[in-house]
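Protein sequences appear in the order of chains R and C. Per the working numbering, the first sequence starts with residue 1, numbered consecutively. Per the working numbering, the second sequence starts with residue 252, numbered consecutively.
The set of hints was computed from the structure by calculation and includes no laboratory data. Treat the hints with care, since some could be wrong.
Partial chain R-side listing against chain C, Cβ under 7 Å, derived [unchecked claim]:
| # | residue |
| --- | --- |
| 1 | Arg73 |
| 2 | Arg99 |
| 3 | Val155 |
The beta carbon of each residue, even a glycine, is placed where N, CA and C say it ideally should be.
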Amino acid sequence: MLDVSRLSQPTLRLVQDAGYRARLTVDLLQLDPSSPEATSARDTIDAAILEILVAAGLPRGPINGPIVERFGRGWFGRKTEDCSLLIDIGAFDLLPEDRRPDSLIRTWLHESIHARQPYAPGFQAEWRDARGFEEGVAEGLTRQIVVDELKLRPVLSGYHSYVVAYQALARALEIDVEHLWRQFWTIPAGGIGQAFTVVLSQVLTTHRRVSLGALTGRRASALAALQFANRRGSDHPDLDALTAAWRQVLR
Amino acid sequence: MTPDEFMGQLRALVSGNRDREAIDLAGQHLRPLAPAMTPEQIVEVGDLMEWADMAIDLEESALRREQAAPDAQTPRSA
Chain R
1 MLDVSRLSQP
11 TLRLVQDAGY
21 RARLTVDLLQ
31 LDPSSPEATS
41 ARDTIDAAIL
51 EILVAAGLPR
61 GPINGPIVER
71 FGRGWFGRKT
81 EDCSLLIDIG
91 AFDLLPEDRR
101 PDSLIRTWLH
111 ESIHARQPYA
121 PGFQAEWRDA
131 RGFEEGVAEG
141 LTRQIVVDEL
151 KLRPVLSGYH
161 SYVVAYQALA
171 RALEIDVEHL
181 WRQFWTIPAG
191 GIGQAFTVVL
201 SQVLTTHRRV
211 SLGALTGRRA
221 SALAALQFAN
231 RRGSDHPDLD
241 ALTAAWRQVL
251 R
Chain C
252 MTPDEFMGQL
262 RALVSGNRDR
272 EAIDLAGQHL
282 RPLAPAMTPE
292 QIVEVGDLME
302 WADMAIDLEE
312 SALRREQAAP
322 DAQTPRSA
């Protein structure tokens, strides 16, 4: 839970003053990235993101950057294998002007959540098969902070199916989904799939539930691999149906 | 090409691990089509391109590791 009122004055201004947010976004997106105004805008936004994440109890780990440039590859932001945090200012030009500032904050925060730790060993395999394990956690926490707590209105992306998969699991377990996301956040990006049943068992123990048996754990792991598979990324999920599937596996 | 056709082709390429073709398709059509696309579609393209670029990075770093491994094991000539 994030106590917005305890944020510093510069961060509060960025969060609460839409005109200021828009001005910084214009400085960043329209000026030469090496200009003093663009550099100042980058540093102001990054400092605010860092403070918000610390206040939320989800601090960012070490990164190279943030590197804010025109990469021209179609993505808005990325965390690379060597922990560079990249923001493509050119991509935001494609959005309606009034949606750019909040979407910029959303992307910056989402990528910073990926950057909580260096990638897990073997993250390549999870990325190729089931990147939804990580994207669902990063986007779920991002929406919780940016939309629910800071009250911003970014354009929300196609990670919806993975966010809903975690919501369905939390409903089946009768626990708060934020608690679930925070438990998975402790695992480095690319390692959640492998740690899935261990973390799930810890969550059940915390909530004084019966721990996962070996068979139930295997079934839960198999269902998770399906729900967080890459090919599910553009699905339109049915929360009730997914919840029912989890209940069946976990009973 | 319509935005829906573009999105369909892009999703198919990325889910089929045809990442370079996906990057090329987006490079060719994203900017011209963007005015006719919804903001949500544009952001979804961003997600798909992030995945495609990461997959290309991983493929290239695996290739570099493969190339480096035999070199390290090659005995020095006498």
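Query raised in the report: Which hint numbers doesn't this structure obey?
Result: none
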